[in-house]
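J.: Next come the chains, spelled out residue by residue.
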Amino acid sequence: MNTTIIYGKVDQILNRYGNKKSALIAVLQEVQKEYHYLPQEVLSYIGDKMGISRARIFGVATFYENFSLEPKGKYVIKICDGTACHVKKSIPILNALRKELGLNENKRTTDDMMFTVETVSCLGACGLAPVITINDKVYPKMTPEAAIRLVKEIREANRLED
Amino acid sequence: MAGTMIIDGQRVGFDKEKNILDVIRKAGIDLPTFCYHSELSIYGACRMCMVEDERGRTMAACSTPPRDGMIVKTNTPKLQKYRRMVLELILSNHDRDCTVCEKNGRCKLQELAARFSIKNIRFGPLCKQLPVDESSASIVRNPNKCIMCGDCVRMCEEVQGIGVLGFAYRGSKIKVTTAFERPIAEVECVNCGQCAAVCPTGALVVKNETSKVWDVLNDKNKRVVAQIAPAVRVALGEEFGLKPGEIVTGKIVAALRKLGFDEIYDTGMAADLTVMEESREFMGKLEKEENLPLFTSCCPAWVKHVEDKYPQLLKNLSTCKSPQQIFGALIKEHYKKIDEAQGKETVVVSVMPCTAKKYEAARPEYRNNGIPDVDVVITTQELALMIKQAGIVFNELEPESLDMPFGLASGAGLIFGVTGGVAEAVIRRCLKEKNPGALKEISFSGVRGMEGIKEAAINIDGREIKVAVVHGLGNASKLISSILAGEKRYDFVEVMACPGGCIGGAGQPIPQSSLVKMQRAKGLYDVDRSSQIKRSEENPIIMALYSGLLSEKRYLLHRYLHHQK
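Just so you know, the protein sequences line up as chains Z and C, in that order.
Numbering follows the numbering used here, in which position 74 of the first sequence is assigned residue number 76; successive positions increment by one, without gaps.
Numbering follows the numbering used here, in which position 530 of the second sequence is assigned residue number 1176; successive positions increment by one, without gaps.
No lab work stands behind these hints: they were computed from the structure.
Here are the simulated lysine-lysine pairs, DSSO-like style, with alpha carbons at most 27 Å apart:
{"id": "1", "chain 1": "C", "residue 1": "K955", "chain 2": "Z", "residue 2": "K22"}
{"id": "2", "chain 1": "Z", "residue 1": "K35", "chain 2": "C", "residue 2": "K819"}
{"id": "3", "chain 1": "C", "residue 1": "K819", "chain 2": "Z", "residue 2": "K23"}
{"id": "4", "chain 1": "C", "residue 1": "K819", "chain 2": "Z", "residue 2": "K74"}
{"id": "5", "chain 1": "Z", "residue 1": "K74", "chain 2": "Z", "residue 2": "K35"}
{"id": "6", "chain 1": "Z", "residue 1": "K74", "chain 2": "C", "residue 2": "K821"}
{"id": "7", "chain 1": "Z", "residue 1": "K23", "chain 2": "C", "residue 2": "K1124"}
{"id": "8", "chain 1": "Z", "residue 1": "K23", "chain 2": "C", "residue 2": "K955"}
{"id": "9", "chain 1": "Z", "residue 1": "K51", "chain 2": "C", "residue 2": "K1134"}
{"id": "10", "chain 1": "C", "residue 1": "K955", "chain 2": "Z", "residue 2": "K11"}
Selected chain Z positions facing chain C (Cβ under 7 Å, derived; list incomplete):
{"id": "11", "residue": "Q42"}
{"id": "12", "residue": "S55"}
{"id": "13", "residue": "R56"}
{"id": "14", "residue": "A57"}
{"id": "15", "residue": "R58"}
{"id": "16", "residue": "F60"}
{"id": "17", "residue": "G61"}
{"id": "18", "residue": "T64"}
{"id": "19", "residue": "F65"}
Built from N, CA and C at the ideal position, the CB exists for glycine as well.
Pulled out of the complex, with its shape left as it was, chain C reads as follows (with noise of 0.2 Å):
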């Protein structure tokens, strides 16, 4: 329904938005908001988008739908006062240790409060301090700082489809917790951090391992190695204020040599041998007609929901490493003998837009003789942190580049942070023709593009191959559903758990709004046009692996899971 209605006497068309806070926000007034996300269901818990219509009458935003000839005022006396007993009321419950908070700079409450003046609070808590859940790998609750704003939780059940978090009790005692309050570590969680993603508070954050950095980077017995990820590179410039999809892979690397890392490389380097290994291991069951379709398993959240919710499917899942294990696996075998011979220790520390890969190199299948292949993983915006601790301005670091070998990466090695890219790649190694028109027609197959769940068929050898490429794990319980119902069928399937793919991992600056994923993944597909490889077959440092390093120990690549020892 298309109209115009009147927003603090200015006069604002509306036309498909589903609500006036919508339409109050394209008049370019920030109206407040804690439970409000264009991409989850409305709320309406938080209260702070309350308008006034011309008979004195107060509604939330977010709930009321536009009307032609409607008049709303944003900001009179009576809204103020509202806003304020509001947020004061939320606050009296709020530990607010804002200074030692994850949270702090960047928290919703602490802007809000600011921007009401909120300075003096006149009720005290009710609720007694609970105890902070540090089980994950990946995230961190603090239930004192819980807001009961409900994003958490309607991210995770509506986008990922799992349900880890939901309300609890009642009346004051209510509060957002797991499934019989176990630790999020005993659930299933699959870490994607989504959650953390979208928390106005320091309720759910990324675990913060900057630390373990420092104290290798300090440390003269360590060869640090560091490994970029693809989707950093293209939102990492956000948290210094540069355009999202901008590519700062040169500066990464400057600010990486200035806090003091050894070696500096490629995550899309070991994606390159992610899809040759994939590709391989695709067409050999597509010959023997076996476990198909074959889902990509490089994303250790998707990985981990197979186990927990579809573990018939893992003998689909390919044993591919994913990027990461390999390069980790990788590098420590290079140094290996090395190392010994110098007295020295490699470690290798992943840069990464995701907070399920601190839980991955966690796993205790990544670890050879105890030595675990990723010794930590820190996250865009934890690298950011790291580099304003330095004190390096990011912004006039003059670019340099990655470190040799292991620092060249095929333009497919790079896409693998968008959602379509790992499909993309594979498809790319798998087809027979070579030539730029063949590459292009792959790009407009379907497997780009940002819906949720996308097909695409390609002609490998006379042989019509199905790929489906789904993002957000609520998409891909869809398609398996549709699957297991034998209602489609599909040879290769891509799943990421992030809406966006990697690029829109928990572990990016945030907000992360569709526009600005949409920015970063083209960000990535510029890196691929203009690099000179774009297959990861015709990466030369690919090539000197499998005769070299690899040719007797291709197992680095692979992870063996329980049903096929």
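So here's chain Z without its partners, still in its complex pose (with noise of 0.2 Å):
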């Protein structure tokens, strides 16, 4: 990881912040925007900067499910298992997704770092169930087969962009 290419855009953001503690979580979250989740030295780093403590900072991270201290996968795919999404069959993609992917419960990121599977509770689209999001996109009436698909097809896309 290019430390210098992290600290620029750390400041880009807290500069467009003013450095003010109230604004943490604002922060936190066009942090993880960028890096997909929340690395342990741009916590420090942040926490330095706006001098709020890095037990604080880490509180606040772990706080909020919405934050990963974790790694996430360049394409984060979140698939809805709230009650519509559910009885329209939202479990055997996820179930597809996992097993053409290599994942499964604890295991949510694939070791080249492109996809990260994980659920959500609702994702407030019940009309179009069931619904996944890859990095917020929204795709609606999903199958497992268009599901595997859509993973194909980004796949190709990254190939080809090599």
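Work from the hints to combine the two standalone chains into their complex.
T.: Following this line, the structure appears as structure tokens:
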């Protein structure tokens, strides 16, 4: 990981909020958007810059379920398992994706750091059930086959980029 | 706001009290609390101080301001049931191995469980056993005994301005821990131990090293030399029911002899050497106008804080070793040849008010060919424990005198134990006028007292020297910010990490209120007033050492930091 790039980006985020202590959560959200998780060194750096103790920042970062201290893949796939999606068979989609990517309940991110598969309780799009999102783009009325197709398309697109 | 309120039918006046808890306690009712400390912010978490008003509403006394005409009851059946429930719930998740707990007998939770007759705990534990963190040289953290009162979190953040500990996770998974749950020895902890001093349970305790002392005392081949820090003599008595500030030096010496120590000396003697060296260093820097202000370096917690947080100020830190380390280095040097001839080994045991001294003694720069200058550090509390273990009736001991030659300290060396003492001792040394009037003037210059940040201006050789004295690392950080911002300029800054200075160290008997600390401070100033030698340079031992052992070995008195190598 290139630290200079990291801190340059973090500095931009911090400057936008003027190092205000009350903006901590917003800063953490932006950092997470940038890196898909909250790296320890970045949290320490933010703490020193904002004048907030590292233990306090760790407390905030662990309080909210939405913050992750573990690295996530480039593509975060969220499978909705709210009531509507559940009855519309969201679990087979989850199982198919896990099987395709070699993941399970405890291992949520692929070794190549490409994909992270998570469940969420409701995405608020019950009319489109079952729903998944990939990096916040919504894919309605999913099936296991369609989900796997999406993953394959992403892989292909990345291969072409390289 | 002043007024009167009715507490349990009794009319009680209030004036400056910020909350009804203080008013209730003033009325002579010992309302129970875990999370209330007057020097910390109000947290209102433990719910033990609940009171009931005339309409049956309950409120936490710690976070309710008094109102004129307020009527509260502190001991209704509803409150009794409530408090028992709180205790039962806390205890259900608490590692209840009381008899083998370090806090046994001094634990607030144990005390309140007994007071409210908690006999049966109906709920099983929710939490899994977590590992105990023994990484620190000074404190042991056992999360299984934590009751989430947050006292340690607030102490570290509000008073010390560091914030090593914080609450992490939430709901039933909440815990008090360091950033990223690292071992305490690997974070910015300065080992001041103030967290342990306010912890109501055994979650944070000072590392107990008494067994190491027993081991050396029972070893015939060891010469066990004790050094007693100034602040110990005005606090140890509290463990035996004596008044805070009562000077018990003679009894401590008698007790240490009974315990089997071979020689018993005064850390104040080494403090005199610190004064000599620090004054020399200060006058030199003053002349060259370089790296001012000079910061004192006898507080190991402060030194660690500078290393962690203000590395740019390391060059301003005095190179003098702390009195504890000077003493150790000196004794080891003094006995080197004698030990070789007698086939003995000299062991230095420090009795300190301080938990960071344990960490200081273990630092690698204080080893000479692998042999530490100070072998074991025990706190005032640990010494009291040893005295009790040995069955010595402390209060009936006939006072004895310290051994010579290293048992003679000047008044200047002894006031090291209280905030402002080091500055005062150094000023005494630097000042040309040596009459009693000048001494008195220093004591009124502003260095004494319990304010967080004190300032004094002293005229030395026609030059006005600006002195600042701070205690509590939070205050130190405030002062440093103003120095770094160029708002303030000082020549000499004394820093002690603990509120009140060493007399308020975390190794001292607890609880320590500000009143207790003031009484201990008075005790040390009394020792100074009644001592015949007031200045370090007038101590005959110091003079003899400089012309003898130290004549070619002044390096023993200095620590050499990385940037000076």
